[in-house]
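Residue numbers (our numbering), protein chains in the order written: chain A, 1 to 162; chain B, 1 to 545; chain C, 1 to 102.
Any given hint could turn out to be false.
Stated by the list, open to error - Under 10 Å between C-beta atoms, here's a sample of chain C residues computed to sit facing chain B:
1) Asn-8
2) Asp-9
3) Leu-11
4) Thr-12
5) Glu-48
6) Asp-52
7) Glu-59
8) Pro-63
9) Arg-67
10) Ile-73
11) Thr-79
12) Val-80
13) Ala-82
Simulated from the structure, these hints should not be mistaken for lab results. Glycine included, every Cβ here is placed at the ideal spot set by N, Cα and C.
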Amino acid sequence: MVDVQDSVKLAQNPHPRATSAHAAVLRWRDDAAFDGPVVAFADFGADSNAAAVRVDPADDARALVPHLARLRLIEVSFPKYRDGRGYSAARILREAGYTGELRAAGDVLVDQINFMRRVGFDSFAPAKPLNPDDVAAALARFPHVYQKAADAAAPVWALRHG
Amino acid sequence: MYRYDTYDQALVDARVDEFRDQVERRLRHEITEDQFKPLRLMNGLYLQLHAYMLRVAIPYGTLSGTQMRILGGIARKYDRGYGHFTTRQNIQYNWIKLEQAPDLLAELAAVEMHAIQTSGNCIRNISSDQFAGSAADEVADPRPYAELLRQWSSFHPEFSFLPRKFKIAVTASDHDRAAVKLHDIGLQLHRNAAGELGFRVFVGGGMGRTPFIAPVIREFIPVSQYLSYCEAILRVYNRYGRRDNIYKARIKILVHEIGAEEFTRQVEAEWALLEPLALDAPAAEYERIKAQFAPPAYDAAAPDSIDRSDPDFAVWVDHNIAAHKVPGYAIVTISLKPVGGIPGDASAEQMELIADLAAKYSFDEIRVTHSQNLVLADVRKDQLHALWSALNAADLATPNLDLVTDIIACPGLDYCALANARSIPVAQSIAVRFANLDRQHDIGELKIKISGCINACGHHHAGHIGILGVDRKGEESYQLSLGGSGAEDTSLAKILGPGFSEEGVVDAVEKVIEAYRSLRLNPQERFLDAYRRVGAEPFKEAVYG
Amino acid sequence: MIRLLTANDTLTGDVIWWTGKGWSLNLADAVALGAEGDALLAETVAAENVNDPNIIEAEAGTPPRPRTMRERIRGFGPTVRADLARAAAPHPDQKLAQAGAA
Ligand code: HEM
Ligand code: SF4
Chain A
1 MVDVQDSVKL AQNPHPRATS AHAAVLRWRD DAAFDGPVVA FADFGADSNA AAVRVDPADD
61 ARALVPHLAR LRLIEVSFPK YRDGRGYSAA RILREAGYTG ELRAAGDVLV DQINFMRRVG
121 FDSFAPAKPL NPDDVAAALA RFPHVYQKAA DAAAPVWALR HG
Chain B
1 MYRYDTYDQA LVDARVDEFR DQVERRLRHE ITEDQFKPLR LMNGLYLQLH AYMLRVAIPY
61 GTLSGTQMRI LGGIARKYDR GYGHFTTRQN IQYNWIKLEQ APDLLAELAA VEMHAIQTSG
121 NCIRNISSDQ FAGSAADEVA DPRPYAELLR QWSSFHPEFS FLPRKFKIAV TASDHDRAAV
181 KLHDIGLQLH RNAAGELGFR VFVGGGMGRT PFIAPVIREF IPVSQYLSYC EAILRVYNRY
241 GRRDNIYKAR IKILVHEIGA EEFTRQVEAE WALLEPLALD APAAEYERIK AQFAPPAYDA
301 AAPDSIDRSD PDFAVWVDHN IAAHKVPGYA IVTISLKPVG GIPGDASAEQ MELIADLAAK
361 YSFDEIRVTH SQNLVLADVR KDQLHALWSA LNAADLATPN LDLVTDIIAC PGLDYCALAN
421 ARSIPVAQSI AVRFANLDRQ HDIGELKIKI SGCINACGHH HAGHIGILGV DRKGEESYQL
481 SLGGSGAEDT SLAKILGPGF SEEGVVDAVE KVIEAYRSLR LNPQERFLDA YRRVGAEPFK
541 EAVYG
Chain C
1 MIRLLTANDT LTGDVIWWTG KGWSLNLADA VALGAEGDAL LAETVAAENV NDPNIIEAEA
61 GTPPRPRTMR ERIRGFGPTV RADLARAAAP HPDQKLAQAG AA
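Could you build all of it, start to finish, from the sequences and the hints given here?
Spelled out as structure tokens, the structure:
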């Protein structure tokens, strides 16, 4: 579901602030971006103090669930946009109650950004910069959704039966 | 049948706008073909041998006369006057221009149709029993559940980039007319001991290069929970389906590799987490949809007998009519398999005629069958003769349902960019060889299914006789298989022996059929049953001996 | 055997043949490629102005006769619809289909 405020915020901010790791990160969060180290999933042991972790497609995002409280940033990588495992990873983390920053990084394209928002991503680090106008248009495109996901959008069956 | 409300319409319209933008971006060279291809595929637009091919979804194979009329009009306006009905109850147009595709989709949207998710690694059109709602043997109409699945799967944010395509079929009879065990998920509606409605869940069937019959992973999931259960299945597949090899990426390979038991355990574990999230639509939504599939206003006074005095008509009645649940009514199958014709093809004029006939004789509703025929599901018995006369005049009354000339054939090398060999000419040659109706009736039920390559779009694995086109050193060659079935007694056909040329395979089919005729116990023993009784040997002997 | 450059038109999807100066819908206009062929193909692929460019083999003639059934069907049209034949009729492979429909 499109959050009008989101679109406006993005449209007003055509050149989002660069962070250390990426040329241009689009964020839908009001808190300050985390800029500490992001550790690889394999190095993220229970004893690590890391507050940020990168999840690759083959990593089991659910293994992070016991540690969500201390995580501020989870970066889910999309080496190829066709590899859709990251969508499940994101939704699993949100369903488990994670409220920190959830970032899609890599082959992130404008035509997928609406789906990514719906499964819970609230920040994006595309390998190739996206045109903010296109992003705003893509997010405003579909007026309704047919199913529940990790966002607040009410599916049409809920609207139909108020 | 289901009518869009403003929500459905707004979503489909938005999709047309989106695609129009994408096409314009491509035509202005703002995106490369590499980037554009997956976007057009998500809208059912393939590039085939001669032109773009557009696949339009016909959800669970049901459409109105109005929709059929528009399909005919589109064939005339945007294509070359015809369309091809497929084994997945869709229609394909073969000669579409990219620049016109957005206008075409807008015309479809105006009659509540679309090409969304008819390609790509997402959940495809939901297929179902072509007799749904009218079949004497169903426990309930499966289409409201199929419609709910259609909505749930449309623009699903988590499952639009699956390892591979995903096909779901829903049925509600013990008699399986939707090949549920050959789908990624097959859902069979039935009642449990307490009389409640739920689904038997089959997962991991399929054809293609590695055919599998789906195992049951759950005997009963209440109808109030089947959406979240499907969500769990899809999530396990999305996370663990193979992505390293496109030929091993279907869910059937995952189920096979880890075993049905382990797969079931994973699905149940996932479902335990998903079920409390209230993902299932409420009963009120099901009731809203169900109301739109309410039975039409049948005439209780409709006479329950058929005047069979016209012998040609009587033959058609014997073959193309199925039992209806309401006395005085019949289910009519319109054969799209005239002898020598192209299986599944219909001209614009035929589509428009069928639209008119549906309006006049069958409450304005039409079904598409997985064997590439059309159905008028609610015809008064006392109007059958009038209907037959109109069909007969348009070459649409071939009395060959389930007979040797009722052949399923994919487009093959005449159209398809993936093909190894042509399918249609083989179907035509076989039909011509067996054109004699008495001979066809003597042979009885026999399902020949032809695919032009290993992808098996023509269901050759499920043919009583299956024919597969292969490439032998640059020449078309055909492999013969026997003993498959896509019905409730699902089985996979086995290769008989070395392949044939086109003429050779027609001869071989004839030898197989003659062998069957000489070894059947009685004329009632079907080819498939005889084959199962005696095995492949006598047929090998007849063909290669 | 000669070599021909073929592709599909991006806008219409039509099968097109390289004539030495541009693209034609008619197989009879196709020119035999010389040594420049492979570079031309690489250039065409990179330019992305047409879809699926490819070099195919054919017997010389007017029109040339592509070696594989697939390319003949692309050049002449489906073998099962005489009415939709392209370029030079009759279709070299339509014999059987016509006999079948008789
Ligand atoms: C002409 C364009 C078509 C293309 C490019 C195409 C492509 C494919 C491919 C690649 C597969 C194999 C999928 C796999 O094993 O993973 C497949 C399977 C299938 N296709 Fe097609 N197909 C086309 C037309 C059709 C038509 C015309 C029909 C119906 C007559 C059809 C129905 C099916 C069915 C039923 C299967 C097998 C079930 C399955 O494994 O999913 N397709 N198709
Ligand atoms: S089976 Fe092969 S030849 Fe036939 S339509 Fe499918 S992909 Fe094409």
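Here is how each hint holds up against the structure:
1. Asn-8: 6 Å, holds
2. Asp-9: For Asp-9(C), the interface hint holds, since the closest Cβ of chain B sits about 9 Å away, which is under 10 Å.
3. Leu-11: This interface hint holds because 5 Å falls under the 10 Å limit.
4. Thr-12: Given a least distance of 5 Å, the restraint on Thr-12(C) holds.
5. Glu-48: 5 Å, holds
6. Asp-52: Since the shortest Cβ distance to chain B is 7 Å, the answer is holds.
7. Glu-59: Hint violated; Glu-59(C) Cβ to chain B Cβ min 14 Å, cut 10 Å.
8. Pro-63: 16 Å, violated
9. Arg-67: Nearest chain B Cβ about 7 Å off; hint holds.
10. Ile-73: Holds, because the Cβ-Cβ distance from Ile-73(C) to chain B comes to roughly 6 Å (cut-off 10 Å).
11. Thr-79: 6 Å, holds
12. Val-80: This hint holds: Val-80(C) lies near chain B, its Cβ roughly 5 Å from the closest one there, short of 10 Å.
13. Ala-82: 12 Å, violated
Consistency with the previously given hints fails for numbers 7, 8 and 13, ordered from lowest to highest.
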